[in-house]
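Residue numbers (this note's numbering), protein chains in the order written: chain A, 1176 to 1513; chain B, 1176 to 1513.
Do not take every clue at face value.
No copy labels: a pair is met if it fits in one copy or bridges any two.
Said to hold, decoys possible - Mimicking DSS-like on lysine-lysine, the simulated pairs with C-alpha atoms at most 30 Å apart in a straight line are:
{"no.": "1", "residue 1": "Lys-1446", "residue 2": "Lys-1422"}
{"no.": "2", "residue 1": "Lys-1345", "residue 2": "Lys-1250"}
{"no.": "3", "residue 1": "Lys-1268", "residue 2": "Lys-1215"}
{"no.": "4", "residue 1": "Lys-1505", "residue 2": "Lys-1345"}
{"no.": "5", "residue 1": "Lys-1360", "residue 2": "Lys-1290"}
{"no.": "6", "residue 1": "Lys-1250", "residue 2": "Lys-1360"}
Since the hints were made in silico from the structure, they are not lab data.
What follows is the residue order along each chain.
Number of protein chains: 2
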Amino acid sequence: MKIIVDAFGGDNSPLAVLQGAAQAVEEYGVEIVLCGDEEKIKQVCAQNNISLQNMEIANANGFIDVHEEPTEILKSRSDCSMAVGLKLLAEGKGDAFVTAGSTGAVVVGASMYVKRIKGVKRAALAPIMPCKGGNFMLMDSGANLECRPEMLLQFGLMASIFMEKVMNVKSPRVGLANVGAEDTKGTQTLIDAYHLLQKAPVNFIGNVEGRDVPLGMCDVCVAEGMVGNMILKVTEGVAMFFMSELKSVFTTNAKTKLSYLLLKSNMKGLKKKMDYTEVGGAPLMGVQKPVIKAHGSSDAKAIKNAIRQAKTFAERHVIASIEQALSEMKEQTQPQNA
Amino acid sequence: MKIIVDAFGGDNSPLAVLQGAAQAVEEYGVEIVLCGDEEKIKQVCAQNNISLQNMEIANANGFIDVHEEPTEILKSRSDCSMAVGLKLLAEGKGDAFVTAGSTGAVVVGASMYVKRIKGVKRAALAPIMPCKGGNFMLMDSGANLECRPEMLLQFGLMASIFMEKVMNVKSPRVGLANVGAEDTKGTQTLIDAYHLLQKAPVNFIGNVEGRDVPLGMCDVCVAEGMVGNMILKVTEGVAMFFMSELKSVFTTNAKTKLSYLLLKSNMKGLKKKMDYTEVGGAPLMGVQKPVIKAHGSSDAKAIKNAIRQAKTFAERHVIASIEQALSEMKEQTQPQNA
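Next up, chain A with everything else stripped away, as it sits in the complex (with noise of 0.2 Å):
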């Protein structure tokens, strides 16, 4: 298994990727391609005492930067590092590859070098994210902010492969994000989508509110790209908004300081939980090769995490197993001839 790493994507590039890849080489048995600098990738590892052990490097010319227009990763920065990974992706010079650059670039990118899987309305990230109990596959996340109710039927039935095949979740619960329950609530679109994904071969469980979401009523959470931006950053933005208030109330006075001692160890493991980086990036479920978009913020952990996901995303035929579901479902919503 050989995985294509970004080595300049993210906010501590190069340094917590080259950690975080000769980790997973070590924990994972699997080959790196690194693509970026070669000098700067060797004094890196040089310096940090990184070994380069079954890992090689694909030389590109700087990298993509998150405040760049998306679009130019196909215009004047084709030899960047994530565009060098990418095309080395496409030509099946490895199995899958991860980055925790641009969210635009990667989208934009991988939907260009790598091309959607045939008849794929729309790529997109489905990002996994904690709720109670478990983890859910959000999709779409931002990229698509307006859907036509064919594409949020294909994000439904794209994310559920996923966490079947790699989430290990046995005929996930599909729910549309919506603004109640009932089958005739949200815009037309919605009400469309209800009604596809209902006929469809998933365990589509009707609409969710936005409060069953973090309450883990599903494994799978269809949305347009403005809900599902909203969902996943408001949970961020609730989350920290609540660990700094629980800080605030640590740090009162000496009893609840002492209070803090006593938890510490448990209040780690929350704090694991509500870490989105320790489930890894986010898939791009929709091309034709398995791609992880890691966090922005990544550290050496959350790449390690992301190149075991990219690693099960492919091994486990994820993106074969769409194709097939997809020709099975047009057949079955084509007339017959007789």
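Once you've looked at the hints, dock chain B against the given chain A.
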């Protein structure tokens, strides 16, 4: 000051409503008009030792259930407790109206019985929610799923006036809920709304992302109903998820249980901060008289707080200020005659 109260709205009505109303009479010196089955009200008050001093009763037949179609309040249910209350308000028989009943029915009923302010495109429920460092008003929270830019402009203006006049926030920071900070982000509706808000007589701070809102970046969060509903309910869900995780941390073992005992009073403060019922209910903005929708699960304290909020809403002349601001804005945007 006379507040009209729907005695049969909410999960805990009529008892909690009657208790809350009696407390409000005592604490805030208001007069109350209770709407609902007169016999039943007298009976519950007698059984529970609730004084009816400074309270009168407007008899009504039954109440509108949360599961009923909201428009029924105008048809078969036009003599229910909520409809009677709204009609009394429209007739000037009281200064403000409070209900913990059906959200849909109060939006429909108030728009039809009390009528919208002249020039206001849509009425919307605007809950006041906790965030880091204080509270913010969310408008819209779900009534108007898809909005036109002018509607979002009016939401920002109305909510800003409420926050300034009732919540004593000086020059409230108005943010537009969107997927990114730049003025090019989001749908065309949001881009157009951005430019309208920029020119409006409010302290517009630009787009706010989902993460910024709980972290207290704005005092008014302007949102289309679909997005606002997600902000409201995801916040609620994440807070519940977090509280349940925290509870399991505290109950892990003897050491964590001891630490909870040390923290108990401080944790209560945190819980109180997260509790929207402390602030009161959600004002219905855009209609000609003050209407407050208390949460369906309101207890006596929440009803009392909603009545206090309704009193301030009425006595600070919020609606007159909105009317004035709207007419000034209209004058400025209309071409001048030579």
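(request) Tell me, in ascending order, the numbers of any earlier hints that this structure violates. (result) The structure breaks only hint 2.
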